[in-house]
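Undergrad: These are the residues of each chain, in order.
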Amino acid sequence: MTVPATVAELVREFRANGRIVIVGASLAGLRAAEALREEGFTGSLTIIGDEPHEPYDRPPLSKQVLKGWVAADHTKLPRLREVDAQWRLGVAATGLDRAARQVRTADGEQIPYDRLLIATGTRARQWPNPDEAALDGVCTLRSRDDAAQLQKALAAPPSRVLVIGAGFIGSEVASVCRELDLPVTVVERGSAPLVGALGGVIGEIAAEMQRDHGVDLRCGLGVSSLEGDAGGHVRRAHLSDGTIVDADVVVASLGSIRNVEWLEGAGLASGFWGVGCDAGGRAFDINGVVTDSIWVAGDVARAPHVLYEYQFLAMEHWDNAVLGAEAAAHNMVNLEPHYHPHLLLPGFWSGQFGVNIKSVGVPPFGDEIVFTQGSVKERHFAAAYGRRGRIVAAVTFDHGKWLEYYGKLIEQSGPFPPPPPGWDQPGDMKPIPAEFPQPGVPTAIPDVVLTGHDPSERRAEFRSRRR
Amino acid sequence: MRVAVDLNRCQGYAQCVYLAHEVFRLTGQEALTYEPNPDDERRLQVERAAAACPVQAIVIDRLDGVEGSATS
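Residue numbers (numbering that gives the first Met the number 0), protein chains in the order written: chain A, 0 to 466; chain B, 0 to 71.
Be aware that a few hints might be false.
[To be verified] Here are a few chain A residues that face chain B, going by a calculated C-beta distance under 10 angstroms:
#, residue
1, V69
2, A70
3, R78
4, V321
5, E335
6, N355
Hints were generated in silico from the structure; no laboratory data involved.
Idealized CB from N, CA, C, for every residue including glycine.
Can you make the complete structure from the sequences, with help from the hints?
TA: Now the structure itself:
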């Protein structure tokens with residue numbers, strides 16, 4: 000038998016009888032499992048998830064569920080096909096032994112794999128003081144259980160809600176509070192809401208939008224401490240300027256933490272920004288060498304992106320989970336040169352204060368912004384972000400139909416300012432500084448981040464030259 | 000039944016709102032919200048809405064029995 004024929008036989012054998020373990024039972028994990036079966040994988044498939052629930056959809060949690068329109072347990076994800084998997088739900092993965100090819104779980108089991116997919120995603124950053132975080136009424140919003148708890152707290156109703164952090168989740172919670180006619184104070188350490196993700200120019204527009212809807216918005220401030228009553232229920236917050244806000248529900252929307260702790264000691268390129276992988280989802284080890292048996296998908300993945308100087312891009316976006324999972328699944332059961340790349344142009348949306356905010360590309364990669372269509376005053380506009388004469392991102396407020404136009408330009412590294420489309424151009428189309436915070440200035444971390452050129456965030460180990 | 004909408008792809012054409020207004024709603028001009036697990040009796044409506052979506056952003060389940068609802 001020739002070598003290629005032997006390799007082809009091995010792949011056929013793996014597809015028929017191999018063992019694949021997926022760690023993470025949310026959107027990326029589920030779609031990967033479905034894609035593996037779609038690709039003809041008939042071996043054993045195990046899906047491990049730390050939450051007891053079957054895979055559910057998160058975007059409705061901060062909107063429909065909080066408003067009370069949809070119950071938190073009515074968010075189960077549609078299934079695209081049978082996956083015939085062993086589900087280990089409610090059991091976290093706690094360790095990875097790459098030499099023995101086993102995943103360790105919280106209940107002490109060792110689950111063997113031939114190929115592994117890491118899709119452990121992120122979790123909400125908790126309020127840093129554990130005693131204060133444990134007070135009744137102090138919430139975060141990431142999981143289905145978080146949403147159910149917060150929805151109940153909002154329905155009580157509280158006398159005032161305090162939202163700490165005005166990124167997308169915090170802003171959406173504030174929006175829901177106003178829709179429910181609840182008094183709400185938003186405290187943001189940066190100069191404006193959404194400033195980390197979209198810059199200060201758009202942040203100012205978002206700030207006006209919040210204030211017009213009755214939000215008590217306080218920027219450039221932090222919360223120093225939370226105070227509870229004798230019954231252990233949160234009652235007030237002390238702000239960094241010495242003022243006090245009385246509130247009986249506090250939502251800490253401080254961004255997310257990537258779930259990589261279980262990989263400690265496994266020698267993979269895992270760290271603060273997630274697990275480094277190539278554009279096809281194959282994980283890098285700690286020395287920047289690509290592995291043959293471990294893949295990464297979803298929020299926990301970071302991979303080099305051709306459009307952004309091959310910097311590693313981390314994206315907490317819905318379609319990144321879906322498409323990254325599909326690419327990884329394909330590559331897990333195929334050989335090069337038939338690998339698929341996952342080179343998604345980042346895009347997200349956020350519904351708040353009656354406006355649909357959408358973006359494409361990586362806004363913080365730009366340093367200038369130009370309004371290209373519509374009217375800022377009517378909050379119905381498009382704007383493009385540029386860097387060194389090239390368009391790198393765009394944002395729309397209730398103007399989403401035009402995003403595809405900007406997306407095409409970004410994919411082609413088109414000029415900045417971009418040639419104006421359509422007819423509703425604003426009078427002044429001069430680029431101005433986009434006013435992103437300097438690195439190190441504390442504000443919400445955007446949910447799409449360029450994380451540098453280093454596949455591993457630890458120092459490389461060098462082997463000695465001599466034995 | 001189960002529904003998810005790729006809201007990146009959704010452009011607010013609102014065809015789904017006309018065809019299944021108990022399941023899909025517009026908030027403002029283009030922000031779509033929806034009932035993710037509507038009653039099965041809405042299935043025909045929702046299937047029509049998914050078929051009519053100009054950008055094919057609506058995902059519906061293609062299974063009746065569901066795995067993974069219990070710890071194995």
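Undergrad: Which hint numbers doesn't this structure obey?
TA: As far as the earlier hints go, only 5 is violated by this structure.
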